[in-house]
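Given only the sequences and the hints, what does the whole structure look like? Please build it.
Sequences listed follow chains S and G, in order. Using our numbering, the first residue of the first sequence is number 1, and each one after it goes up by one. Using our numbering, the first residue of the second sequence is number 114, and each one after it goes up by one.
Some hints could be false.
To be verified - One-sided excerpt, in silico: chain G residues whose CB lies under 8 Å from chain S:
(1) His175
(2) Ile241
(3) Asp289
Unchecked claim - Computed list of chain G residues with no C-beta within reach of chain S, every gap over 10 Å:
(4) Ser135
(5) Ala137
(6) Phe144
(7) Val154
(8) Ala173
(9) His176
(10) Pro177
(11) Asp191
(12) Ile195
(13) Lys224
(14) Lys238
(15) Ser255
(16) Lys303
(17) Tyr308
(18) Pro312
(19) Val340
What the hints assert, rightly or not - Restraint ranges, calculated between C-beta atoms of paired labels, are given here:
(20) Lys82/S to Lys305/G: 31 to 37 Å
(21) Phe30/S to Leu257/G: 46 to 52 Å
(22) Gln283/G to Ser72/S: 43 to 49 Å
(23) Lys333/G to Leu7/S: 34 to 40 Å
(24) Lys161/G to Tyr70/S: 54 to 60 Å
(25) Gln283/G to Phe35/S: 29 to 35 Å
(26) Thr318/G to Phe30/S: 47 to 53 Å
(27) Tyr70/S to Phe332/G: 27 to 33 Å
(28) Phe84/S to Lys242/G: 39 to 45 Å
Keep in mind the hints are simulated off the structure, nothing from the lab. The model shown is predicted, which means the values in this text are computed figures rather than measured ones. C-beta atoms are modelled at their ideal positions from N, C-alpha and C, and glycine is treated no differently.
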Amino acid sequence: MQGIVYLMVIIILYLMAKTVYNLKLDKISFRRFCFWFLIWTIALISVTTPIVGFISDFLGVGRAADLAVYLSVLLLFFFIFKLFVSVEENRKITTLLIRQIALNQAKGKKKNK
Amino acid sequence: MINSKQRNKVFVVIAAYNEEKSIAKVVESLFDKGYKNIVVVNDGSKDKTYSIINKLNVYALHHPINRGQGAALKTGIDFAHIQGAEYIVTFDADGQHNPDDIDTMLHTISKTKVDICLGSRFLRKNDIKNVPISKRILLKGSALVVFFYSGILLSDAHNGLRLMNRKVAQKIELGDGFEHASDFITEIRKYKLKYVEVPVTILYTDYSMQKGQSIFNSFKILFRMTVRKILDL
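As structure tokens, this is what we get:
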């Protein structure tokens, strides 16, 4: 195996471990865990078995440099995923906070009575 | 017929964002009809909406930052629930709803014992005629999308006029933005709530049309709903 393949395997294993860790911390739901674990498993199989060779031959993409592109795409996916979850969580927290402030300040606030 | 005692059990919740031109008229029309418990949630408006509602005889709530119609309605619904409302109505701030329809809904919910009445502009021929063609296509498409996500096929899945009982008010969770309309339906499914569609009249004015959803916004809502569904957010 080439060095880049080892590197990819390490990164994918790290991402798999991170996904399991996030599930354990209840940061992601089981459904989302399954989705991402499946993605990483497919990535691992693709990198460690000749299947990617067959596919790349079939698609006509045979250059080793393309692996770097695949790796980048994987990383980008991961970062987008992390970012999206983070934005959503922050949005929910902000809304909750704003709503709580509104409710607290509104108590007994009926005007002109 | 609905009497004032029954109307006093109802809290009308209005989410208002930049509605300085219409909010006072809308509130007055509800007072004229005999609804005294009105909750207006100013959703971070940039105009004079908040100062206007502060002068009205309503419960004035204020989101310091705009969080979307769904979030504002949920704030109002929670507030009405805390105040002991028996029934809660969601009512649009742009003047496109008719307060008379609340009486119809109140009568329906008392008679049928459902948990929530959903307004529909597609149940009476005269009401359908009022709906512009582009809106009809958009709304029917939305109803199909909501059916795909919730399994409930409604004639009008994005009607802002609804009347619910306390049980619904306590249980439902809504998304922040305009996707809350679909959230009502998915929550009905989730909690197996009893519902009925009630014919309502939508008054289309230049103002309400301007404030309404564009096709682009509808696609944004659809995208957001899909992402939330896939990622379980």
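Inset, instruction - Any hints from earlier that this structure breaks? Give me their numbers in increasing order, please. - result: The structure breaks hints 2, 7, 8, 9, 10, 11, 12, 19 and 21; every other hint is satisfied.
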